[in-house]
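Numbering (my numbering), first residue to last: 1 to 412.
By construction, these hints were calculated from the structure, which means they are not laboratory data.
Computed from a predicted structure; not experimentally measured.
Incorrect hints may have been included.
With beta-carbon atoms standing in for the labels, derived distance ranges [said to hold, decoys possible]: (1) GLU274 - PRO164: 39 to 47 Å; (2) ASP119 - GLY177: 18 to 26 Å; (3) ASP23 - GLN118: 21 to 29 Å; (4) ASP119 - ASN157: 33 to 41 Å; (5) GLN129 - PRO164: 35 to 43 Å; (6) ASP23 - ARG153: 27 to 35 Å.
Note that CB positions come from ideal geometry on N, CA and C, so glycine has one too.
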Amino acid sequence: MTIQNIYTVAQVNAYIKNMFTQDFMLQSLFVRGEVSNCKYHSSGHIYFTLKDEKGCIACVMFAGSRGGLKFTLREGMQVVAGGVVDVYERDGKYQMYAKQIVQDGAGFLHEKFEQLKQDLEERGMFDEQYKLPVPKYVHTLGVVTAPTGAAVRDIINVAKRRNPYIRIVLYPAIVQGDLAAKSIADGIRALEHQGVDLIIAGRGGGSMEDLWAFNEEIVAQAVFDCSIPVISAVGHETDTTIIDYVADLRAPTPSAAAELAVFDYGQFMLSLEEYRRKFVKQMWTRLQEKRSQLERRRMQLNYASPKSRIREKKTRLMQLEERIVRSMEEILDDRRHRLAIYLEQFKGLSPLAKLNSGYSYVEDKSGRALKKVSQVHPKDSVTIHVTDGKVFAVVTDKKEKERADVFRGEVC
């Protein structure tokens, strides 16, 4: 037998270590098992073995990784250890270098949940700036959930009650088990391609293990990449999943998701009727105001119009005319009264009145009344006025009396 290649122990161990290093799966994996041979070293390191019914693996957790350990590791404890499997070259033995240890069951899932949540948050997938607004009026609603069960019935019943004209497109997804995450992600992408207005992704309540598909990164990435708003509706109000942080809106239950997604058509019609009544009332009030304003403008126009001003001036002129007529009548009455007084006075002074009383009136030839004897001379012609005519006479003589206040002519 010819020996062609001979290697040292160190070379073999180094080669094996290199093989372990190049295996991607061994650089980050979780191992479930029962703790045995657990020892806390004075240096702070923890040495233990994980075993199950078919095998075991040596493990070590260095002191620098113990900060995330929330409990004391004890014999017989069921745990899940996460870390790297590598070869210790000196001894030629492989072992697991644990970076985190959680108790098996809900504790492990919670740890995995927190780790993915932190990772996605650091990548900005929870940032509000990427969240799309949920449309107020949805015509076509997409639903990603199991085709049977309470969740889909609740969504359909609530949606149809709120809006009987809503169109619902259901993608029958697997919501539990190993195939669930991919099925849910495929459903979101399929409804996006279908062109629905809004997507509800969710399922009914259950344990953390039952809801775990909605905590997978593939589902979170599908929700984040979706160009259509997505409402998450997983479990009950107390349940929280990864897609609740990524979705554009979180609903506490599937029923609540339908309430948020579909506007209430009946309430909308009531509101519309209320708006119509308010509009009619406001229009009627406005119309009345405009009518009153028009009437005021009409009155102002009538008052300011030339026709109104002319009518006003005519009325004023008539009033002045009446005042003038009354004033003239009063003046005429006064003048008539005074004339009557003057006439009575004149009658008392009239020569005719004297003539009627038996007196006569004598004028000289020039028509002057003879009041004194000195006004005539003998042979002067005089005219004597009596009641029924005149008497022509010649003065034959004259004689002055001692009192010359009265002159009486003598007729020859």
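Status of the hints after comparison with the structure:
no.: 1; hint: GLU274 - PRO164: 39 to 47 Å; verdict: 21 Å, violated
no.: 2; hint: ASP119 - GLY177: 18 to 26 Å; verdict: 24 Å, holds
no.: 3; hint: ASP23 - GLN118: 21 to 29 Å; verdict: 26 Å, holds
no.: 4; hint: ASP119 - ASN157: 33 to 41 Å; verdict: 38 Å, holds
no.: 5; hint: GLN129 - PRO164: 35 to 43 Å; verdict: 36 Å, holds
no.: 6; hint: ASP23 - ARG153: 27 to 35 Å; verdict: 48 Å, violated
In summary, the numbered hints that this structure violates are 1, 6.
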